[in-house]
Amino acid sequence: MAYSGLRIIKEALSGHKGWKPAWRDPEPKSQYDIVIVGGGGHGLATAYYLASRYQTAKVAVLEKGWIGGGNVGRNTTIVRSNYLLDGNQSFYNLSLRMWEDLEQDLNYNAMVSQRGILNLVHTDAQRDAARRRGNAMILAGDDAELLDTEGVRAMYPFLNFENARFPIKGGLLHRRGGTVRHDAVAWGYARGADRRGVDIIQNCEVTGFKIEAGKCVGVETSRGFIGAGKVGVAVAGSSSRVMEKAGLRLPIESHVLQAFVSEGLKPVIPGVITYGAGHFYCSQSDKGGLVFGGDIDMYNTYAQRGNLPVVEDVLESGISLIPALGRVRLLRSWGGIMDMSMDGSPFIDRTPIDGLYFNGGWCYGGFKATPASGLCFAHLMATDTPHDVAQAYRLDRFRCGHMIDEKGQGAQPNLH
Amino acid sequence: MMIDHPLLGLRDAQEFTYLGDASLIDRPDWQAKDAQDQFHDYLYLRDNPAGEHRELWFHETGDRSWLVVTRNTLTHEISKVELARDVARARGRST
Chain C
68 MAYSGLRIIK EALSGHKGWK PAWRDPEPKS QYDIVIVGGG GHGLATAYYL ASRYQTAKVA
128 VLEKGWIGGG NVGRNTTIVR SNYLLDGNQS FYNLSLRMWE DLEQDLNYNA MVSQRGILNL
188 VHTDAQRDAA RRRGNAMILA GDDAELLDTE GVRAMYPFLN FENARFPIKG GLLHRRGGTV
248 RHDAVAWGYA RGADRRGVDI IQNCEVTGFK IEAGKCVGVE TSRGFIGAGK VGVAVAGSSS
308 RVMEKAGLRL PIESHVLQAF VSEGLKPVIP GVITYGAGHF YCSQSDKGGL VFGGDIDMYN
368 TYAQRGNLPV VEDVLESGIS LIPALGRVRL LRSWGGIMDM SMDGSPFIDR TPIDGLYFNG
428 GWCYGGFKAT PASGLCFAHL MATDTPHDVA QAYRLDRFRC GHMIDEKGQG AQPNLH
Chain W
2 MMIDHPLLGL RDAQEFTYLG DASLIDRPDW QAKDAQDQFH DYLYLRDNPA GEHRELWFHE
62 TGDRSWLVVT RNTLTHEISK VELARDVARA RGRST
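Chains as they are written, first to last, in our numbering: chain C, 68 to 483; chain W, 2 to 96.
There may be inaccurate statements among the hints.
Here are the in silico distance ranges between beta carbons for each label pair [claimed, not checked]:
1. Leu9/W - Pro234/C: 33 to 41 Å
2. Pro234/C - Lys81/W: 22 to 30 Å
3. Asp215/C - Glu83/W: 49 to 57 Å
4. Arg263/C - Gly93/W: 56 to 64 Å
5. Gly477/C - Asp5/W: 45 to 53 Å
In silico contact screen, one side only, chain W against chain C (beta carbon under 10 Å); selected entries [unchecked claim]:
6. Met2
7. Gln15
8. Leu46
9. Pro50
10. Gly52
11. Trp58
12. Arg72
13. Leu75
Hints are computed from structural coordinates only; laboratory data are not their basis.
Just so you know, even glycine gets a beta-carbon here, dropped at the ideal spot from N, CA and C.
With the sequences and hints as input, model every part of the structure.
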């Protein structure tokens, strides 16, 4: 059933009795061509592109809980393409272009809103770094605009411009960046995949991989064995736990990132603002809540909740940037588990086990990567060659020295 | 979180900075034949367990000692705190 304005009018006139569930709830079959482990944004996008672009016949997505219940439902919904290094630029460039076409492609309203992202700068050195980054973005085919103080003031007059230690000296504006309704991304991909014959199997936990003579031939699950020609794992946050079942150790630590939403307010922040003097970023959802976040909690954890010191730190940063936040009440906070990789960049690659593929290590930048990640992972699994823009995301890059360390922090995952 | 420092008693985790898995104590021998492989695994690969995890914390705003904290990564419950120096010595390190 295609969605359209006409359809809404028709349903409105007939009491909305014609709407059907957006995807089926099938029983798992005994064998698939490709099984994707993980029904989050990346897993569902992979299944969608396998079915729509690579004509893979029998695909299943296995999800431990309910689809979209992990990080695609727990992020701050920001999409952008403002990377500096070669291995990342073309990938995120593609991802942002795919966001721009996503809704037409999926026939689903994902509320893609290119409202602009402004990265503030507070020192001359930061302005130089922003200019360099902006030039790199323009050379990579993205957009960037360096604003001076007055340029920022015209957009956001309520910021704390006169802070003695961190005055606002300007900002790097990325107009094509913005926000997307996160849950709708999972639902749109799920519906698109389901319509093309993909089985989305929820409440189906993968408990092990069946490996025969160095080849993965299927997965053991809480709903029985499921055979597969190829298995792709896209479970960021739990990558180490799942891949351990195949005997692999990964260059990943799991950390929690907290996020926050305020009570609903009238429109005050039209775009996305990031603070350059502390770790704080903020936008306003279409429901009116201010959505914001900051640093990870810094220690290994699988608990989807953080500790109070980081809450305090994020709110302090927020109020020092936007003093008016002091009058706003916090509505909710939550935590999501991040695959923090050793260089801050992700993996889309084969593994040493034939027929087993891995997608993970997204740190806290996985959401914006969803379309390109799905496409590149689908490409890799369907053709057994890496997609052009994802060639740098190798699992063995630490061994061969091809790290992609945007922040230059070295092998210290909690600093990326 | 509160960390029960072996010398100072209960201290707020905010006084500490976190390094990572306590296996970082076991630095490989740089003269070993397979030193390159060993250093790759030592530096880049992690067990990253869900459950009990031994990890290095540095008492940065306190007595600047390194601790090995045994903490559950599912519940944040801390079950054991040792001086990293004692742990390293028990494993045959000189310091």
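Each hint, compared with the structure:
no.	hint	result
1	Leu9/W - Pro234/C: 33 to 41 Å	40 Å, holds
2	Pro234/C - Lys81/W: 22 to 30 Å	47 Å, violated
3	Asp215/C - Glu83/W: 49 to 57 Å	54 Å, holds
4	Arg263/C - Gly93/W: 56 to 64 Å	59 Å, holds
5	Gly477/C - Asp5/W: 45 to 53 Å	31 Å, violated
6	Met2	6 Å, holds
7	Gln15	5 Å, holds
8	Leu46	4 Å, holds
9	Pro50	8 Å, holds
10	Gly52	8 Å, holds
11	Trp58	8 Å, holds
12	Arg72	8 Å, holds
13	Leu75	5 Å, holds
Checked against the numbered hints listed earlier, the structure breaks hints 2, 5; every other hint is satisfied.
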